[in-house]
Amino acid sequence: MTKAALHLAPVGAELKGIRDGFGQGLLEVAALDPRVVVLSADLTESIRLEGFAKTYPDRFIELGVAEQNMAGVAAGLALSGKVPFIASYAVFNPGRNWDQLRVSICYSQANVKVIGAHAGISVGPDGATHQALEDIAITRVLPDLLVVAPTDYEEARKVVHAIVAHEGPVYVRFGREKTHQVTTEKTPFALGKAQVLRAGKAVTVIACGAQVYDALQAAEKLKKNHSIEVVSVSTIKPLDAETLLKSVRKTGRVVVVEEHQVTGGLGGAVCELLSQKLPVPVRLVGVPDTFGESGAASELLEKFHLTPQGIMAAVEEVACL
Amino acid sequence: MYQEGHTYSLEAIALRANSIREHIVTMLEEAGSGHSAGPLGMADAYAALYFRILSHKPTHPTWEDRDRLVLSCGHTVPVRYAAMAEAGYFSRNELLTLRKLGTRLHGHPHNRALPGLETSSGPLGQGLSQACGMAIAATMDGKSHTTYCITSDGEHQEGQIWEAVLFAGAKKLGNLVNLIDRNYIQIDGPTEQVMPLEPLAEKYRAFGWHVVEIDGHNLQAIIDACNDAKAVVDRPSCIILHTIPGKGVSYMEYDFRWHGKPPTHEEADTALKQLRSMGERIMTEYD
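If you read the sequences in order, they're chains A and B. When the count follows numbering that gives the first Met the number 0, it moves up by one through the first sequence with no breaks and lands on 320 for the last residue. When the count follows numbering that gives the first Met the number 0, it moves up by one through the second sequence with no breaks and lands on 286 for the last residue.
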């Protein structure tokens, strides 16, 4: 796809919350589809469910702090034809209710949409207990479950439409902080498709979530020395092998960046693909098998090299191999 | 085959229960693994459900207005398979495929394998939450069917059960009925030694439920309790069925060691002789 056809946002556009895009998308699908119901475990405002709760009180269910029950109730609703969204922080949902996600939802093929908010290290001052860095790993292993990490506000809004159109369980994760805009209303989006946002020849940088913007920044800053291709992978499962392999056949070198443990997440998924289909040097930028800690979001992102500079260092390393 | 609109007599239901017990013994012996005590203890309840209480169509298992029966304690599924075969959901011969490769009758129930199962279960404590969801969906859609859940007593040691009990009470789910198989055994021994559950009825009442305790082998009591539960519309209902684990097979009754194992060929022979003799007694008793 040409750069013009992508309709990307200008650099320096207004910061917006991915969770706000989710909340907006939810209101839009609710108006279109009466099957949509929303379940909250005491975090209604924080996850931007309050608009839905006020507009559709008959389709909104408050369950209190009980994520396991929430997953089960949603499975029952889905098996009765509803399209339930269950929303909490990713450390609880799917962190606390993984067994329910596995059996009541995935094995039973219940059409539940699981929303893991406040994911990643950037939840900041709350500390390690609340920093979901394992959620992609524990969802990616479940058969029949799609795993999606939208890039920004607009994409999150589109993701909500796409996952309601998809019949089957889906996990969607996003962080709390406002982020830079990469896409616009006109940018095409399809569930299951990775997108080459910047064409290059020497290194493929693969990213999801807010790190897509950082990857583009790194590519721009390094453009005199390295021709970097940036691929946005919003759908982590199923992985768009075709797009990734096409890029890596050209570049032969890969950096993966994500706000997650370096084990088991997007980096793991990419390595599983490449090690079997196209073995090439890979560097992973993420949290290196350790728990997080309290601190400002920006400080923590810097500490774990989840910045344009961190990505540039990984590109330099892999480019020299 | 269960005939809709036909009122089955207590004798007919008792004979079905006895046939269900025979199927359970035969299936488990053939499978070579599985749970004996719980399924045998619940045969009367399942016979009453499938031949009197539930509104259902064996030839149309996805009928929209059917009563929902959620099995939470999935390990007791042989009794459900046996009851479904008796009711005509599938042939009795298929019962012998239990737990074998390619079967629809998995060791724990899987809704996508066998029509007529509402969900999949196995890990304990998950069914009541799903039954709550189905009950809410029915209310949202203006449907009048009832959602029944079958839970074991041992699974009340799982935290999720109490999340669901709290939730159903708070939301006043009047179209939800939880049938608890109170047989007082679990794998490690008697429930009251492993982790006491009493006072179970008082706990449910404190959470806002309508509660009755009955003899889980008294068919009339089971039917009456379910009818009463349907009449209570402002609260969820809990029916505590006091059952004898292994009921109908003398050497299994009350013995927790039969929770999780099948009979050998010789043991099955003895069990089937006892059950056939019971069948004759039922016909005399109701004659």
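Hints are computed from structural coordinates only; laboratory data are not their basis. It is possible that part of the hints are untrue.
As the list claims (entries may be wrong) - Straight-line alpha carbon distances no greater than 30 angstroms define the calculated DSBU-like cross-link-like pairs of lysine-lysine that follow:
| hint | chain 1 | residue 1 | chain 2 | residue 2 |
| --- | --- | --- | --- | --- |
| 1 | A | Lys222 | A | Lys15 |
| 2 | A | Lys53 | B | Lys56 |
| 3 | A | Lys15 | A | Lys2 |
| 4 | A | Lys236 | A | Lys177 |
| 5 | A | Lys249 | A | Lys177 |
| 6 | A | Lys245 | A | Lys53 |
| 7 | A | Lys53 | B | Lys142 |
| 8 | A | Lys53 | B | Lys170 |
| 9 | B | Lys260 | B | Lys272 |
Consistency of the hints with the structure:
1. Our distance criterion of 30 angstroms between C-alpha atoms is met by Lys222/A and Lys15/A, whose separation comes to about 27 angstroms.
2. Of the pairs offered as hints, the one joining Lys53/A and Lys56/B is violated, with about 40 angstroms between alpha carbons and a cut-off of 30 angstroms exceeded.
3. Under the criterion of a C-alpha separation no larger than 30 angstroms, the hint pairing Lys15/A with Lys2/A is consistent with the structure, at around 23 angstroms.
4. Taken as a hint, the Lys236/A and Lys177/A pair is honoured in the structure, with Cα atoms around 25 angstroms apart against an allowance of 30 angstroms.
5. The hinted pair formed by Lys249/A and Lys177/A fails the criterion: a straight-line CA distance of about 34 angstroms is larger than 30 angstroms.
6. The hinted pair formed by Lys245/A and Lys53/A fails the criterion: a straight-line CA distance of about 46 angstroms is larger than 30 angstroms.
7. A distance of roughly 25 angstroms separates the Cα atoms of Lys53/A and Lys142/B; the hinted pair therefore holds under the 30 angstroms criterion.
8. Restraint check for Lys53/A and Lys170/B: the C-alpha separation of about 19 angstroms stays at or below 30 angstroms, so the hint holds.
9. Between the alpha carbons of Lys260/B and Lys272/B the distance comes to roughly 20 angstroms, so the proposed pair stays at or under 30 angstroms and holds.
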